[in-house]
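Going down the list, the sequences are from chains A and B. Going left to right, the first sequence walks through residues 1 to 400 as the working numbering numbers them. Going left to right, the second sequence walks through residues 1 to 516 as the working numbering numbers them.
Heads up, a few of these hints could be off.
Unchecked claim - Calculated lysine-lysine pairs in the DSSO-like style (CA-CA distance at most 27 Å, straight line):
| hint | chain 1 | residue 1 | chain 2 | residue 2 |
| --- | --- | --- | --- | --- |
| 1 | B | Lys432 | B | Lys400 |
| 2 | B | Lys400 | A | Lys265 |
| 3 | B | Lys271 | B | Lys496 |
| 4 | B | Lys389 | B | Lys400 |
| 5 | A | Lys265 | B | Lys496 |
| 6 | A | Lys242 | B | Lys432 |
| 7 | B | Lys271 | A | Lys265 |
Keep in mind that the hints were calculated from the coordinates and are not lab data.
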Amino acid sequence: MPEKMASSKQDKPILRLKDLADRNFRGWKIELRTDNPRRWLYRLSAILLGGVIALIAIQLSIGEGNAFERILKATIGSRKGIENVLELAAPLMATGLAAAIAIKLGAWNVGVEGQFFMGAWAAAGIAFALDGLSGPPLLILMFVGAIGAGAIWMLIPALARAYLNISEILTTLMLNFVAMAFLAYWATGPWRDPRSQGAVLATPKLPEQTRLPVISIAGVEIRFGIVIGLVLAVLLTAIFRKSVFGYMVATVGASERVGAYAGIKVRRLLVTVLLASGATAGLAGVTHMTGGAINRYSTSLSSNTGYTGIAVAVLAGGSFLGTTAMAVIIGAIIAAGNSLRILGVGSELGRFGLTGFILLVAAVGEGLSHYRLVRREPREVAGSAHTPLSVITLTEDTNI
Amino acid sequence: MIVEDSAPRSAIVPLMEIREVTKRFGSLIAVDRVDLDIHPGEVHAILGENGAGKTTLMNLLAGLLKPDSGQISLDGSEVTISSPRKALELGIGIVHQHFRLVENFTAAENLHLGWNETPRLAGNKDLVDRTHSLAKQFDLDVEPNARIWQMSVGEQQRVAILRTLSRGARILILDEPTAVLTPTEADRLFEMLRGLAIGSNRGVIFISHKLDEVISVSDRVTVLRAGSRVSTLKTVDCNQELLAKMMIGRHLNTQPAPPSAALGPAVLVGKGISARNDRGVPALEDLDIELRSGEIVGVAGVAGNGQRELSEVLTGLRPVDSGQIFMGDQELTGAYPVEFLRAGIGHIPEDRYSSGLVTSESIDHNAVLRAFRDPPIRRGLFLSPAAIKSYARQLVDAVKISIRDLGSSVRTLSGGNAQRLLTGREIAAASKALVAVHPTRGLDVGAAEAVRQVLLKARDSGVGILLISEDLAELLSLSDRIVVIFQGRLTGEFNKYEYDVNTLGLLMGGHPAEIG
Ligand SMILES: Nc1ncnc2c1ncn2[C@@H]1O[C@H](COP(=O)(O)OP(=O)(O)OP(=O)(O)O)[C@@H](O)[C@H]1O
Ligand SMILES: [Mg+2]
Numbered sequence: 001m002p003e004k005m006a007s008s009k010q011d012k013p014i015l016r017l018k019d020l021a022d023r024n025f026r027g028w029k030i031e032l033r034t035d036n037p038r039r040w041l042y043r044l045s046a047i048l049l050g051g052v053i054a055l056i057a058i059q060l061s062i063g064e065g066n067a068f069e070r071i072l073k074a075t076i077g078s079r080k081g082i083e084n085v086l087e088l089a090a091p092l093m094a095t096g097l098a099a100a101i102a103i104k105l106g107a108w109n110v111g112v113e114g115q116f117f118m119g120a121w122a123a124a125g126i127a128f129a130l131d132g133l134s135g136p137p138l139l140i141l142m143f144v145g146a147i148g149a150g151a152i153w154m155l156i157p158a159l160a161r162a163y164l165n166i167s168e169i170l171t172t173l174m175l176n177f178v179a180m181a182f183l184a185y186w187a188t189g190p191w192r193d194p195r196s197q198g199a200v201l202a203t204p205k206l207p208e209q210t211r212l213p214v215i216s217i218a219g220v221e222i223r224f225g226i227v228i229g230l231v232l233a234v235l236l237t238a239i240f241r242k243s244v245f246g247y248m249v250a251t252v253g254a255s256e257r258v259g260a261y262a263g264i265k266v267r268r269l270l271v272t273v274l275l276a277s278g279a280t281a282g283l284a285g286v287t288h289m290t291g292g293a294i295n296r297y298s299t300s301l302s303s304n305t306g307y308t309g310i311a312v313a314v315l316a317g318g319s320f321l322g323t324t325a326m327a328v329i330i331g332a333i334i335a336a337g338n339s340l341r342i343l344g345v346g347s348e349l350g351r352f353g354l355t356g357f358i359l360l361v362a363a364v365g366e367g368l369s370h371y372r373l374v375r376r377e378p379r380e381v382a383g384s385a386h387t388p389l390s391v392i393t394l395t396e397d398t399n400i
Numbered sequence: 001m002i003v004e005d006s007a008p009r010s011a012i013v014p015l016m017e018i019r020e021v022t023k024r025f026g027s028l029i030a031v032d033r034v035d036l037d038i039h040p041g042e043v044h045a046i047l048g049e050n051g052a053g054k055t056t057l058m059n060l061l062a063g064l065l066k067p068d069s070g071q072i073s074l075d076g077s078e079v080t081i082s083s084p085r086k087a088l089e090l091g092i093g094i095v096h097q098h099f100r101l102v103e104n105f106t107a108a109e110n111l112h113l114g115w116n117e118t119p120r121l122a123g124n125k126d127l128v129d130r131t132h133s134l135a136k137q138f139d140l141d142v143e144p145n146a147r148i149w150q151m152s153v154g155e156q157q158r159v160a161i162l163r164t165l166s167r168g169a170r171i172l173i174l175d176e177p178t179a180v181l182t183p184t185e186a187d188r189l190f191e192m193l194r195g196l197a198i199g200s201n202r203g204v205i206f207i208s209h210k211l212d213e214v215i216s217v218s219d220r221v222t223v224l225r226a227g228s229r230v231s232t233l234k235t236v237d238c239n240q241e242l243l244a245k246m247m248i249g250r251h252l253n254t255q256p257a258p259p260s261a262a263l264g265p266a267v268l269v270g271k272g273i274s275a276r277n278d279r280g281v282p283a284l285e286d287l288d289i290e291l292r293s294g295e296i297v298g299v300a301g302v303a304g305n306g307q308r309e310l311s312e313v314l315t316g317l318r319p320v321d322s323g324q325i326f327m328g329d330q331e332l333t334g335a336y337p338v339e340f341l342r343a344g345i346g347h348i349p350e351d352r353y354s355s356g357l358v359t360s361e362s363i364d365h366n367a368v369l370r371a372f373r374d375p376p377i378r379r380g381l382f383l384s385p386a387a388i389k390s391y392a393r394q395l396v397d398a399v400k401i402s403i404r405d406l407g408s409s410v411r412t413l414s415g416g417n418a419q420r421l422l423t424g425r426e427i428a429a430a431s432k433a434l435v436a437v438h439p440t441r442g443l444d445v446g447a448a449e450a451v452r453q454v455l456l457k458a459r460d461s462g463v464g465i466l467l468i469s470e471d472l473a474e475l476l477s478l479s480d481r482i483v484v485i486f487q488g489r490l491t492g493e494f495n496k497y498e499y500d501v502n503t504l505g506l507l508m509g510g511h512p513a514e515i516g
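Next up, chain B with everything else stripped away, as it sits in the complex (with noise of 0.2 Å):
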């Protein structure tokens, strides 16, 4: 039997009571009548769904959004949250998932800009001693005279809580912190949280949906559905299926994927590649690689490995200084992207919103984003309006996602329903190759398991996909070989079950191994 853990008990003042808070977005109401509070010392994860509610009810929290109704109160008395501003007043930092630093300033910099506490006239040397002095106080490991475009996703990560705790607050909050992080960067993140509310009267809220992560880290857990709160419960009390069973309202099947039935030809092949990245410096040098029909390459390495230039190379967006791209027997190199296309490679690039969908139009102008050429959504010159909205309509039915208006813009989808209508674009997009760089990042639990399951359907049917991937449990449950990148080659390749994860992870380290 499971204790309800919502009324706050009378030994702890909650920091942060929030209640019957409301948000509607026209007639959809986004968070509905919630009841939230936060203790001191408390790391408090929220989970739910893609589009339960969980990024609105934080901006209602950070000042970005204001609330229809409910009140917020701090340390007991209610509060007006009317801006972001005045959120860091009262103690209340949220770090987005996009960090929005300066990436040609210093940690130093980017820590004291637009700050009213910044000391006039402070030279260089005065701002690098108070971040020093600021990282020993939060007892974070940052950097003060690194630039942020040389720094890691997560030393940028720890500049930013660094910002945000050095500011005053006492109340943080990561929106999905761990989907742009690498496995050995979350565990440092989870360990630098703990120490964080340990004992402190500062209090951590915690977004993710990874359930692991969740019940590794957080002391209590909230689960919202579609806006509403179903339950919070301490997490000693939890395990991992009964909070998807909470999230999703049912049971979560999780079976090892079968291995390829039928191993076809060649279709994607790399031969000899080298690239550059977006600073000119060689980013791919001298990499083989080769995708048949049917089967799922994983690519396991640490990110900045040379996995994002790959994916660009092998869809066309990045030229090669050498070797060849082959799809079957036509040749590929130097062509332009739409062969690519033509040639049927989907690809699902590693950042949604820049590169794979077009944010200020409507949600059925970027279904057919890959589509628009072919009939019947191209009728000579023209496009037919019709046959666009019964084709986006086709693809949000199929990817689950609740829509009314397909005009409404991609940019008011939750992240993960952006996540889902892009996945679902470029599968069907993929007659041959599919190039997936993080398919289920922010994909709730249970769609995460859905577009597993497509992707194991799409190569069943002879597509080959070429998974690119930080999430080793993902990579080793659903690939048909594994290889290793490391500094933009292949380091190690192995079967399906004839990998172990200790030789894997010291070839991503970059330590050599004995390849069996």
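With the rest of the complex left out, here is chain A (with noise of 0.2 Å):
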């Protein structure tokens, strides 16, 4: 019965902010924005908010122990909370950013998952077969190959979405299984780990000269991962912000037919965005497991970084810096979510149930972000800039 429900709502309107809007409070009024220039703000504060929120919820809800006081140990308040956090943070930079560079081309790459298992899987063989080499060259060409793997793993789904308009959501999405099944093959086969038992594949360590350096800043020691997910935010941004191939991108991430109007050869930069994606998640790969703390190929590189990565591109809106930024508050809440299994909530339920309403509490926020509360301005504001046209004088004049 649609239209019954339809002609009872119109008898007692629900309110929605859109009704709102315009609406007078006290000389105040709610106001649609058509643009804000500060929408990040917004999203900032809203996600600090839902933290604090879910942290008040969390503290009532257990019987004792202190929440407040193992979260600020766990995340900011200790020198090794703040190392925690960033080591959670290092890799869901790099496959933040990389799902960050399809979005701006209104394509999205869930295979980010996959992309950085090839590019760890291509690093590692690289350094099991020139072992003998020193560091630098050795590290170098390991990027080198983990930046081509994940890009050659975007190849088919970037080409199935350029020439056969493929969805690259499915393309990249079945590819992840395939670089599981991939990735198990090679940790249980040519490069198994004798020692290494259970759930857990894992091949033997890496050569100790392809550990990235640990660098210490005032005392805390933060993963390389963290300088090359900033330095690449960066020169992101500098790139899409200020090139002609940024242009070109926002031209057709708007509307592929104006990018093909304005010239610009389409599928060809469909497909370079989507292989850049695919090699950042490469990349990310590699600086994983050559910055982490695990240091060999194994099933436990990833704890759905990956998919992770894609949140935490979504929640930045598909900035750069944003992504990094936000990179290091999911890393803090996972930190907190892990910090509280020993007051007996879960580690799966503390952090999914705080990032599920943390996100809840964002998309809020961005709604509210439309809109804006502005005072009324007093009447002779508008009257001064008002200049009346004389309708007497235009008739005059036309004398018919």
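Dock chain one against chain two, each of which comes alone in its own frame, and use the hints as you go.
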């Protein structure tokens, strides 16, 4: 009975934000804004607000112990906490950037996870094959290999999208499963470390000279992945904002049709951008393997790092610098979730409950950022700007 | 002496009274204390330059925007129009330029979609019957079973109008309804509007830039300028000159264009071109066209006879099945659009918003859409923001749009100003040839005249211009040569001063004629 419902809705209208817009509240009104240059500020405050509310809820729900104190210590309240957060954030920065590159063109690289693994795989292969080389040349080869492998893993989806108009969402997603099977084969077969056992399959440790340095700033040890993520974000921002390439991406991202009209080779650009996204995911893989705690090729290299990266990029609204910041925030949320395990809050519950709630608040914040609160202008202001057109003069001099 | 006709005469209770309505966008006052009465039974035309605030005012009435101040009353009682749905409940219906119909649905389905009077569990037959009787009730010619994509634009418009009327609209608003219509379709629309209004308790608000249309269809005219109402007059007291003067505040000189001075060598040439449209149906068949430097070739034809495809083939946007395209000696068949651009071919596309402008991007982004590859805008791999700004500023000044912030999005421009931006940009890009489809569509009379002058200037400097238009008067006044297109073929060719309107009309309708 659709019309019944429709008519009852009309009788008792539900109050919507849109209806509130332009209504007056004691000299103030809510106004719809066409654009909002400080949307990131809304996003950030919404996430922080969500975090605070979630914290309070958790504290109230556990019987004893101090959740605040524990979370603070596990995140920004201690040197170890900060190190922990940054370690969790490092791989998310790179995977987030990979997803953000595709988003610039309105495309979705859901295959970050797979490309991440393929990058690590290629790098591990190079390291095993050439372990006689010294650190810097070997690392350079490994990085080049990983970037290439990530890009190649994206090649088929990119070409299928550009030339056959097959959605890249499905193809990239499916290739993730292929990558996982591929990984399992190498980790259990040719490269198996005889000592590894149980659910985690792993190869032997990589040669010691392939470890990326850890940087120490004010006594805080920072993984090299953070440096790579930040440098990459700055570079990408410069390229996409200032370059001819970035201009073309923005145009095609808004409309492929207008892109073609502007003389842009749309298919070629699509392929280029998707490959760049895959390459960045491959880079994320090798960076995490050589710069993280694991230093070997294993199934535990990623804890959904690729998928989480997509969420990070979306939350950051596709901005590159925003993605690095968001990676740190999500890293902190994960660290907080982990720290609650001791208080009897399941890690998964802590993490997903927390993340989900924060995303919800962020979404509300996003909606609110389309509105603003303004003071009603006094009548005189409008009057002074008004220059009446004289009707009489006009009718007189037309003289008909 | 003109008698102001804004005050309601005691005999008539206005359907709608608008008092001191104001709408601001930031510091811009788009609609400034406008008063307007709509009487029952009248067709009320709104005239004004591009950006005068016509669309904004209509959006206020249709509930799409909310006024900052002022009152709107219907049948003497004040109302608040908080949403489009509320507007329809109050009996105010708007037919947009883009009709918002579902392409794959039939007229009957579109009519009943999302309508709370649609009977539950209605079968197709019920919908068709209802559509028939509604069409009859409003005396509109609508074929219930035809799908939207099969219809001409005029037929689609009738469906949109019927949809609005059958939901009880007593005030029917049409924003530039004739911009997309062929002249014959426009005539039918006028007949229909007069039929709807005369002797009924309905009122029609009609926006157009074409002064002859306003004079022939409306009972009263309100002229807006820079957001304010200049005057409201009875149409019988007006003529085109007077209206133009009120609109733009000066006299308009329209003189027929002098013929081409120096005809140069062939620039853009298509030989034996066949191509298909978006649905894969042949749209151009073995068509030959030659455009010479320094001439304007007009393409006359009823919409949908291959004009769009021709313009796209000649600018590299649509592949050909067979045939060749040349620019001078250079063959461009199968080349990327960018090669056409490099060869100096500009293109004013049929649909500015979906093909020629990135509406979500800024004005300066759109200004350099054709020039971003060239220095000084491009420096190596990068773009120079300063050069972009100055290029955009120059362009905007050249086409006389007053814009404070080049960073604001094209979406905030009025329809006509967006067209001006596009036209100016393409004329700058066209060093050898320009394919111009409806270049003055949506422009006010002053701006349209300015664009015609610019086209003539480009021609005199040696650019070859292919002018595709449904405006026969424009074609006749500008073209050095006119070709007629019918079902993807050129069916006639005339030199300046040699054509007569009757033969042209016959050829456009597909009747073979003696070609003299
Ligand atoms: N959403 C918006 N934000 C900011 N400015 C706007 C917006 N919509 C319209 N404007 C501005 O308001 C003014 C009036 O625009 P409007 O579209 O009403 O003009 P118009 O009379 O319909 O012109 P045209 O004949 O070109 O269609 C223009 O200067 C336009 O740029
Ligand atoms: Mg308008």
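Do the hints match the structure? See the list:
1. With a C-alpha separation of about 24 Å, the suggested pair B:Lys432 and B:Lys400 falls inside the 27 Å cut-off, and the hint holds.
2. The straight-line distance between the Cα atoms of B:Lys400 and A:Lys265 is roughly 32 Å, outside the 27 Å bound, and the hint therefore fails.
3. Of the supplied pair hints, the one linking B:Lys271 and B:Lys496 holds, its CA atoms being roughly 23 Å apart against a limit of 27 Å.
4. The straight-line distance between the Cα atoms of B:Lys389 and B:Lys400 is roughly 16 Å, inside the 27 Å bound, and the hint therefore holds.
5. The straight-line distance between the Cα atoms of A:Lys265 and B:Lys496 is roughly 40 Å, outside the 27 Å bound, and the hint therefore fails.
6. Distance check on the hinted pair: A:Lys242 and B:Lys432 sit about 30 Å apart at the alpha-carbon level, beyond 27 Å; violated.
7. Restraint check: the Cα-Cα separation between B:Lys271 and A:Lys265 comes to about 25 Å, which is no more than 27 Å; the hinted pair holds.
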